[in-house]
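Residue numbers (the working numbering), protein chains in the order written: chain Y, 1 to 385; chain P, 1 to 69.
Just so you know, these hints were derived from the structure itself, not from any lab. Certain hints may be false.
Just the calculated beta-carbon pair ranges, DEER-fashion [to be verified]: (1) 53(P) to 365(Y): 55 to 63 Å; (2) 385(Y) to 33(P): 45 to 53 Å; (3) 281(Y) to 60(P): 49 to 57 Å; (4) 36(P) to 300(Y): 28 to 36 Å; (5) 298(Y) to 39(P): 14 to 22 Å.
Here are the simulated lysine-lysine pairs, DSS-like style, with alpha carbons at most 25 Å apart [as the list claims (entries may be wrong)]: (6) 65(P) to 335(Y); (7) 39(P) to 324(Y); (8) 10(P) to 153(Y); (9) 335(Y) to 49(P); (10) 324(Y) to 46(P); (11) 344(Y) to 65(P); (12) 332(Y) to 65(P); (13) 39(P) to 384(Y); (14) 324(Y) to 60(P); (15) 65(P) to 299(Y); (16) 332(Y) to 63(P); (17) 332(Y) to 49(P); (18) 153(Y) to 136(Y); (19) 63(P) to 335(Y); (20) 39(P) to 335(Y); (21) 46(P) to 335(Y); (22) 324(Y) to 49(P); (23) 355(Y) to 39(P).
Computed from a predicted model, the values in this text were never measured in an experiment. We put the CB at the ideal spot given by N, CA and C, even for glycine.
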Amino acid sequence: MTNGTPLGAEDKVFTIAEYIELLNVFFKAQSARIVGEISELKRAASGHVYFSVKDKENPGSLDAIMWARNYQLCGIALEVGMEVILNGHPNVYPNNGRLSFVADTVELVGEGALKKAYDDLRKKLEAEGVFAAERKRTLPDYVTRIGVITSMKGAVIHDFENNLGKFGFKVNVIDSRVEGAQAAAPLLAAMRAMREIVEDTGSRGTGIEALVIIRGGGSLESLQAFNNEALVREVIDFPVPVIAGIGHDQDVPLMALAADCMTSTPTAAAHLLSRSWEEARVKLQQFTGILVRVEQEIKRIRADLGMALASVLDHTIWQIESAKERLLSAEKFLKLNDPRRQLKLGYSITRQHGKILRSSKEIEIGDVLSVEFSDGAIATKVEKI
Amino acid sequence: MPKKETKSFKHHLEEIAAILEWFDSQEELDVEQALDKVKQAGELIKLSKARLVEVENEFKEIKTKIEQE
Chain Y
1 MTNGTPLGAE
11 DKVFTIAEYI
21 ELLNVFFKAQ
31 SARIVGEISE
41 LKRAASGHVY
51 FSVKDKENPG
61 SLDAIMWARN
71 YQLCGIALEV
81 GMEVILNGHP
91 NVYPNNGRLS
101 FVADTVELVG
111 EGALKKAYDD
121 LRKKLEAEGV
131 FAAERKRTLP
141 DYVTRIGVIT
151 SMKGAVIHDF
161 ENNLGKFGFK
171 VNVIDSRVEG
181 AQAAAPLLAA
191 MRAMREIVED
201 TGSRGTGIEA
211 LVIIRGGGSL
221 ESLQAFNNEA
231 LVREVIDFPV
241 PVIAGIGHDQ
251 DVPLMALAAD
261 CMTSTPTAAA
271 HLLSRSWEEA
281 RVKLQQFTGI
291 LVRVEQEIKR
301 IRADLGMALA
311 SVLDHTIWQI
321 ESAKERLLSA
331 EKFLKLNDPR
341 RQLKLGYSIT
351 RQHGKILRSS
361 KEIEIGDVLS
371 VEFSDGAIAT
381 KVEKI
Chain P
1 MPKKETKSFK
11 HHLEEIAAIL
21 EWFDSQEELD
31 VEQALDKVKQ
41 AGELIKLSKA
51 RLVEVENEFK
61 EIKTKIEQE
C-alpha cells in the first residue's frame, strides 16, 4: 500500500470485517517507534491502559493501547504529560473502525525523566528491602554449571568466557537483547527459560548453580531494561544466586543492586566465578611445594637415622668384641696365677688342720700333715725335723 | 636387652677386674685365697661368656631386622 500496491485483488469486494482484518495484517508488519506526550489516560479494570499521545511540535494525535501484561512489564507508571517513546504497531478496532497504536513497550524520554523514574523505583525497592545485604545469597565455591544471559552479538560473551579460566565450567548461554527498554521482555523470557533449566535436575542433570547476567557499559537510557521492576523481582526470586556484571556510568542498574553478587563488568563476573577455583589451584601448588619439602625432609631424616644406626651398630660390635677380649685376657691371667698350676709343676701344699704351713718351724715331730699334689692328697706323719 | 641383666653383666666384669687387681696387689700370694679367687673369677667368666653369647645373638637378630626394613 505504501508503494501503491493494492491490498487485495482489484475485483474482490471485501466485507467491512474482512477489510479491517486485512488492514490489521498489514499494520502488524508496520512496527515503529513513535515519540509523543501522553494527553489522556485511562486504566481499565482489566489492567489494560488506554491513552492518547500527541505530537509536541505539530498538530497530531494518536489513540494508543497497552495491554496489561506489557504494561506490568514496562515498569513505568504512565501519567498525563509524560513524554514517551512507544514501540508497537497500528491496529483498527473492528467494532468502530477506530485506529489505535498498540504499544508493546514504553520508554521515558530524556535523562531527567529516566533519572526520576530510576530514583523513585530505587527508593521503593529499598524500602521493601529488595537490596538488603541479609537477603542476598552467597555464591557457592567451586561452581561448575553456569547460566549466562547476554547478547551474543557483542564482545561481552567472549570477554566473559575468556576470563572464566580453564576450570571445566559448563556454560549455558541464552541470547537476549540487552539494549534499551525493549530488552525487558526478552530478558524476562530468558530468565524464565533459565529457571526451567535450574529446575531441570532430572536425568539430564543440566541444572545450573548460578546465573550470570552481563552486558557492557551504557547510559541510563540504554540500560533501561535493567531498571525494570519486573526483572528486579525475577532476580530476587530466582532459585539460584544471580551475578550481575552490567557496566554502568553513574547509576547502578537496579537489577545489579538486587542481584546476589554485583560486579561492574562482565570480566569481573567471570573472575568472581573462577576465584574459588583459582584459590584452590594456588593452594594445590602450595601444598605440592610443601609435600616436596616434607619428602626431602623425610629423606634427610632417614639418611641421618641410617648414619646414627650404623654408628650404634658399630659401637655395639666394638663393645661386644671388647668384652670378649677382656674375658679372654682375664682367663689367661687367672691361668697363670692359679696355684694349681704350681702343683702341676711339682710343687705341693702342706696343711695342718686345714691350715697351709709356710715354715718348718710351725711343725713338730709326730704331727700329722696333709700334702696336696696336683692330682690328689696324702696324709703324712713328721718323723724328723 | 633388659636393664637388670645389663647391670649384672657389667657387675660381673667389674668383679673380674677387681679379682685381677687383687692378684696384682699381692706381694706374697695367699694360696687358699688365690684358689678361691680363681674359682670365683672362673664362675664369673663362665657366666659372662654365656651372657655375651646371648647378647651377641640378640644383636645379630636386631641388626638383621633393621637391615630388612
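Now the hints, each set against the structure:
For the hinted restraint 55 to 63 Å between residue 53(P) and residue 365(Y), the CB-CB distance of approximately 56 Å keeps it satisfied. Distance hint check: the CB atoms of residue 385(Y) and residue 33(P) are about 28 Å apart, inconsistent with the given range 45 to 53 Å. A hinted range of 49 to 57 Å holds for the C-beta pair residue 281(Y) and residue 60(P), which are about 53 Å apart. The given range of 28 to 36 Å is broken by residue 36(P) and residue 300(Y), whose C-beta atoms sit roughly 58 Å from each other.
One distance hint, 14 to 22 Å for the beta-carbon pair residue 298(Y) and residue 39(P), is violated here, with the actual separation near 57 Å. Of the supplied pair hints, the one linking residue 65(P) and residue 335(Y) is violated, its CA atoms being roughly 40 Å apart against a limit of 25 Å. Restraint check for residue 39(P) and residue 324(Y): the C-alpha separation of about 19 Å stays at or below 25 Å, so the hint holds. For the suggested pair residue 10(P) and residue 153(Y), the alpha carbons sit about 95 Å apart, so the restraint of at most 25 Å is broken.
As the CA atoms of residue 335(Y) and residue 49(P) are separated by approximately 17 Å, the hinted pair is consistent with the 25 Å bound. Restraint check: the Cα-Cα separation between residue 324(Y) and residue 46(P) comes to about 12 Å, which is no more than 25 Å; the hinted pair holds. At roughly 50 Å between alpha-carbon atoms, residue 344(Y) and residue 65(P) are farther apart than 25 Å, so this suggested pair is violated. As the CA atoms of residue 332(Y) and residue 65(P) are separated by approximately 36 Å, the hinted pair breaks the 25 Å bound.
Our distance criterion of 25 Å between C-alpha atoms is broken by residue 39(P) and residue 384(Y), whose separation comes to about 36 Å. Note on residue 324(Y) and residue 60(P): the hinted pairing holds, with a Cα-Cα distance of about 16 Å set against a maximum of 25 Å. Taking the CA atoms of residue 65(P) and residue 299(Y), the gap is near 20 Å; set against the 25 Å cutoff, the hint holds. Distance restraint check for residue 332(Y) and residue 63(P): the Cα-Cα separation of roughly 32 Å exceeds the 25 Å cut-off, and the hinted pair is therefore not satisfied.
With a CA separation close to 14 Å, the supplied pair residue 332(Y) and residue 49(P) stays within the 25 Å bound. Between residue 153(Y) and residue 136(Y), the direct Cα distance comes to roughly 31 Å. Violation of the 25 Å bound is thereby established for this hinted pair. A threshold of 25 Å between alpha carbons decides the hint, and for residue 63(P) with residue 335(Y) the separation of about 35 Å lies outside it, so the pair is violated. About 11 Å separates the Cα atoms of residue 39(P) and residue 335(Y), which keeps this hinted pair within 25 Å; it holds.
With a CA separation close to 14 Å, the supplied pair residue 46(P) and residue 335(Y) stays within the 25 Å bound. Proposed proximity of residue 324(Y) and residue 49(P) is supported: the alpha carbons are some 8 Å apart, at most 25 Å. Our distance criterion of 25 Å between C-alpha atoms is met by residue 355(Y) and residue 39(P), whose separation comes to about 19 Å.
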